[in-house]
Amino acid sequence: MSSTFIEKYRPKNYLDILGQDKAVQEIKSFLDQFPKKKALVLHGQAGTGKTSLVHAAAKENNLEILELNASDLRNKDKLEGILKPATEQISLFKKGKILLMDEVDGVTGTDRGGIPELVRIIQSTKFPIIMTCNDVWQSKLSPVRAKSKVVELKPLDIGTIVSILSRVAEKETLNKNSQFLKLIAIKSQGDMRAALNDLQSYSASKDIEIDVNEKRDTQESIFIILKKLFKERAPFLNLFDSSPLSIDEILLWIEENIPKEYKNEALAKAYEALGNADVFRGRIYKNQYWRFLVYQNIFQSAGISLAKSSPLSGFTAYEKPKRILKIWLNNQKFEKKKTIAKKYARHVHCSSKRAMRDFNLLRPILNNPKVQKQLDLSEEEIEFLKK
Amino acid sequence: MNSTDIWTEKYRPSKFEDVVGQQEIIKRVKSLVQTLNIPHLLFAGPAGTGKSTLALIIVKELFGPRWKENYLELNASDERGIDVVRQKVKDFARTKALENIPFKAIFLDEADALTKEAQQALRRTMENYSNTCRFIMSCNYSSQIIDPIQSRCVVFRFKLLEKKDITAVMKRIADQEGLKTTDDALETLYEGSEGDCRRAINLLQTTASISLNINSEMINMILSSTKPKDIRVVLDYALAGDFINARDKLLDVMLKESIAGTDIIKAIQKEVWNLQIEPEIKVRLTEKTGETEFRMTEGSDEFVQLQALLASFVLAGQGKSA
Chain A
1 MSSTFIEKYR
11 PKNYLDILGQ
21 DKAVQEIKSF
31 LDQFPKKKAL
41 VLHGQAGTGK
51 TSLVHAAAKE
61 NNLEILELNA
71 SDLRNKDKLE
81 GILKPATEQI
91 SLFKKGKILL
101 MDEVDGVTGT
111 DRGGIPELVR
121 IIQSTKFPII
131 MTCNDVWQSK
141 LSPVRAKSKV
151 VELKPLDIGT
161 IVSILSRVAE
171 KETLNKNSQF
181 LKLIAIKSQG
191 DMRAALNDLQ
201 SYSASKDIEI
211 DVNEKRDTQE
221 SIFIILKKLF
231 KERAPFLNLF
241 DSSPLSIDEI
251 LLWIEENIPK
261 EYKNEALAKA
271 YEALGNADVF
281 RGRIYKNQYW
291 RFLVYQNIFQ
301 SAGISLAKSS
311 PLSGFTAYEK
321 PKRILKIWLN
331 NQKFEKKKTI
341 AKKYARHVHC
351 SSKRAMRDFN
361 LLRPILNNPK
371 VQKQLDLSEE
381 EIEFLKK
Chain B
1 MNSTDIWTEK
11 YRPSKFEDVV
21 GQQEIIKRVK
31 SLVQTLNIPH
41 LLFAGPAGTG
51 KSTLALIIVK
61 ELFGPRWKEN
71 YLELNASDER
81 GIDVVRQKVK
91 DFARTKALEN
101 IPFKAIFLDE
111 ADALTKEAQQ
121 ALRRTMENYS
131 NTCRFIMSCN
141 YSSQIIDPIQ
151 SRCVVFRFKL
161 LEKKDITAVM
171 KRIADQEGLK
181 TTDDALETLY
191 EGSEGDCRRA
201 INLLQTTASI
211 SLNINSEMIN
221 MILSSTKPKD
231 IRVVLDYALA
241 GDFINARDKL
251 LDVMLKESIA
261 GTDIIKAIQK
271 EVWNLQIEPE
281 IKVRLTEKTG
291 ETEFRMTEGS
301 DEFVQLQALL
311 ASFVLAGQGK
321 SA
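Chains as they are written, first to last, in the working numbering: chain A, 1 to 387; chain B, 1 to 322.
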């Protein structure tokens, strides 16, 4: 399996890290002066190189990394059970280690007692602890802030991003002109990871060159719309105007892809918004009252985008809506069931829908040869009932 | 009459006197028919309470042996668009009735499934052809029928059948078919029917296809085999935070068994109380479930609404309420 550009071109040492000179100096001095300060918090928006910096620092100093990230549960017991012993044991093969708590702002209410335990561990640790987060100024992190050195990583400037992109493009033998790379850089808004992901996704279709000048006026692909909707946090209202798809088709795309982007609260909020959009869609059809479209649009755009609490980074491979296809395939498979239900329904004065719904209950009745004759079932239909 | 071995048809009453339950309605409709003074009729009420049966009795009483030539039956939930009203209904309504009958009759079953647009078209048709044609409409929710139509009809509200009514029907059929039933079995048949006579009869016939001695264990076995089975699996995925699997499984269940969203929601509503979560959260989830069911009856997309509900279960699995 080919790895993503993100992994492939992750900086290996301090020299590889571009555009964050100040932060590099800070982490150097933190490690040199340890245990003067026992913990370091790296903060900054997504894709500025926080995690990469820690990995580079570990390589430079021949240290091992023990990492707990947001995918692990980080409540008191877990920290006590895993992190605490690690702060006391000596690493077997290397000189020492760094304990990395990635995305500490992800320590949530479910990680009960997580933050206070973290503070206790910081006080007693024999090894440097480095934490990363997007927003260091949240109140729940204030006890951690007080015990740690705090270093900010600024969003990368466009020039830096372009030079990294062109280096990657060269190694991958992608023939991309500098205008194109600059466009990706501008779109990334300082998020290196997003920029690399974009480069990779465009590189997959080698012959498609994107005309920079056309950026505003062309129809935006559904993938770009989804990306904006899910990755940015903004009260979008005109987002769907540039799409050739109808708002109802877009609803299906959103429905399919919400769980790829959102978890937990954001997931629930997003589906609540989508549910509201759908309610208004239903009212439009039922009453032919098109003014309701305004509401559908707001819930479906702003409602979905604002469901998350902060913008997301990273690449997501969006998928086509599968539901309609599944329904179609299913209908093919159960074609006979439908025709049987229809014959039955006419015979007993009810709707085919009702007959379909009661099919399991009716099956033994329909298997009666006399009934089959009375309903004039075909051989194929009788065969279907035997299964 | 066609012979049939489907009991819901075989034992469908063909005279006013044979109808079980809804006695007030029967009395009023009967007197309307006897005076030949029939307005348009709207029958509102739950499934299996006698709406179609009554409509059929009316046309048979009115038209005698040749009722079929003067009667059109349409099921709006199968043919719900405006074209049905424009073509089938109009074509039928505009020609005069045969023989000495002053008008024809159209039975529009599940009329609440018609779009508002189709209902508007219907309203004109009802007026224009009222000399030659009478409409009998049925619906589950009269609120889904536009006011101008309601005001052109005499509305009759059907109630769920009571236990004694369902039991009387069951006993009569059992007698004729030579079945043995216990009191227990009759009780279970009633519970399984949920006041829906069609369902009760189907349940009885399906059970009888196994044995002529009907007991409650057999009925329960059949009932459980017809219920949406994997709802618990769906909810367990959601509670464990695995939304994608929960959703895929749900769609699977709905498609494979052709289960309507409204039946899924019933099963979810019952299952909530069996889950291992805090009682307060159960109450919150029930509120969400109720709202979801309401939205479905209002005409929302069942699967979108069910996904929103599943997302609340994801939160519930973490001890949070949405």
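Keep in mind the hints are simulated off the structure, nothing from the lab. Mixed in with the good hints, there may be bad ones.
Said to hold, decoys possible - Below, computed lysine-lysine pairings styled on BS3-like, alpha-carbon distance capped at 27 Å:
1. A:Lys343 - B:Lys60
2. A:Lys326 - A:Lys386
3. A:Lys326 - B:Lys60
4. B:Lys60 - A:Lys387
5. A:Lys353 - B:Lys96
6. B:Lys60 - A:Lys386
7. A:Lys387 - B:Lys229
Predicted model, so just to flag it, every value in this text is computed and none were measured.
Hinted pair, alpha-carbon criterion (27 Å max): A:Lys326, A:Lys386. Please report holds or violated.
Cα-Cα ~24 Å, so holds.
For the pair we were handed, B:Lys60 and A:Lys386, check the Cα-Cα distance against 27 Å.
violated (37 Å)
Can the restraint linking A:Lys387 and B:Lys229 be considered satisfied, given a maximum Cα separation of 27 Å?
Within the cut-off at roughly 19 Å; holds.
Hinted pair A:Lys343 and B:Lys60, Cα distance within 27 Å
holds (22 Å)
What's the verdict on A:Lys326 and B:Lys60, does the C-alpha distance respect the 27 Å limit or exceed it?
violated (44 Å)
Compare the distance between the alpha carbons of B:Lys60 and A:Lys387 with 27 Å, and conclude whether the hinted pair is satisfied.
With a Cα-Cα distance of about 39 Å, the restraint between B:Lys60 and A:Lys387 is violated, given a limit of 27 Å.
A:Lys353 and B:Lys96: Cα distance at most 27 Å?
violated (32 Å)
Of the numbered hints given earlier, the model fails hints 3, 4, 5 and 6; all others are met.
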